[in-house]
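Engineer: Each chain, written out:
There are 2 protein chains.
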Amino acid sequence: MNYLSYIPVFDHLARSEQERLSQASFIRKFRKNEILHNGSQDCTGLVLVLSGQLRVFTISEEGREITMYRLFERDLCLFSASCIIHSIQFDMTVSAEKDAEVLMIPSEAYKSVMEVSAPLANYTNEVMASRFSDVMWLIDQILWKSFDKRLAGFLLEEMDIEETDTLRITHEAIGNHLGNPREVVTRMLKYFVNENLISLSRGTIEIKDRGGLQKIAGK
Amino acid sequence: MNYLSYIPVFDHLARSEQERLSQASFIRKFRKNEILHNGSQDCTGLVLVLSGQLRVFTISEEGREITMYRLFERDLCLFSASCIIHSIQFDMTVSAEKDAEVLMIPSEAYKSVMEVSAPLANYTNEVMASRFSDVMWLIDQILWKSFDKRLAGFLLEEMDIEETDTLRITHEAIGNHLGNPREVVTRMLKYFVNENLISLSRGTIEIKDRGGLQKIAGK
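In order, the protein sequence lines correspond to chains A and B. For the first sequence, numbering that gives the first Met the number 0 assigns the number 0 to the initial residue and increments by one for each residue that follows. For the second sequence, numbering that gives the first Met the number 0 assigns the number 0 to the initial residue and increments by one for each residue that follows.
Worth flagging that the hints you see were computed from the coordinates, not collected in a lab. One should not assume that every hint holds.
Claimed, not checked - With a straight-line Cα cutoff of 27 Å, these simulated DSS-like cross-link-like pairs (lysine-lysine) come out:
| hint | chain 1 | residue 1 | chain 2 | residue 2 |
| --- | --- | --- | --- | --- |
| 1 | B | Lys-110 | A | Lys-110 |
| 2 | A | Lys-148 | B | Lys-144 |
| 3 | B | Lys-214 | B | Lys-189 |
| 4 | B | Lys-144 | A | Lys-144 |
To be verified - Not the full set, but computed from the structure, chain B residues with beta-carbon under 10 Å of chain A:
| hint | residue |
| --- | --- |
| 5 | Pro-118 |
| 6 | Leu-137 |
| 7 | Leu-196 |
| 8 | Leu-199 |
| 9 | Ser-200 |
Glycine residues also receive a C-beta, built at the ideal position from the N, C-alpha and C atoms.
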């Protein structure tokens, strides 16, 4: 099977362009928590997710993290190949949030096709616009939503992704998603416990009142 | 003169594509503070700045504003034509920060050329990546920089743009740039006065110690 057909415009490329991409691409596996791409490193290439889950985040000078967005099956990661677009002046780090299998598309091959192919250039545009939208949503959250809303929203999102009421996640990991220090997360989780919304035990968070969290999240 | 040649790839378009854009485009003038494009409105078209200065910002549900970036001569505004890219799921508002003359490029014409032209699609990609970089810088500022740094940086930037030591700007306008309530701005400006960095009088802010502000801004 040619996984490149996950790219919706693949059928619209010329035969020679399809072959250039196919011959250059290869499959790689990453273990949970492994770093696929480090912001300051050279151009890793585009990453097409075949299975598993990736996290794309930035790191401050002081080492604090915030999650920009997640990538799931059939999603394409552009920012691991930021060299293909000169005007990208920021660094993202990409890690495997779950064991993942990906198709690596080397930057050179992708760029050489994109430069001459209107369909691939327009598709790349759509992918970037979609990530841009995620980031604008995040700005909205950070600026105008208080931390209780963001944390409640995060717990609900995690429940949906993991399909469980009992999340295995540390307070520090949550802080790294939301861009807050661990202490702030712990304090708000304890508030949620007092409100009977969740219960805490070593390494897990059990959601007890989904409706209550939804009310706080403003959903 | 054909202002479309401000678009660096214009010469690389086919003659028919150049004509399609030229025939559709027209010049418009906007007065200071006039709204060119309202986030929730229909697709205004792409805006190429010929002279003056535009401000691109978002507005929260409660009416608070934050400036995403400014556009100057020869800059192209994409988000006033967000309909040309489906995946743009956010609203930006564009206003004239100074009297401005712009070339309006209707969305339909631009889109029809972009769909078939790899050079224009790749150029659009570069423009979006550049705005994306501005917004990532902003996230970095909001998340990791304290308000005194951001305010000092803003005052220095304004001095450079306006080429003056005496800024005519209200505290509310500063708040709208930085995403903070007016009271927070006023409080920090008074702190800067006490530190002999600036002086305040009705409607103006005079910068007295540029080096001191630079130190606070971390530059």
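Engineer: Under the constraints set out in the numbered hints, which ones does this structure not fulfil?
Structural biologist: Violated: hints 7, 8 and 9.
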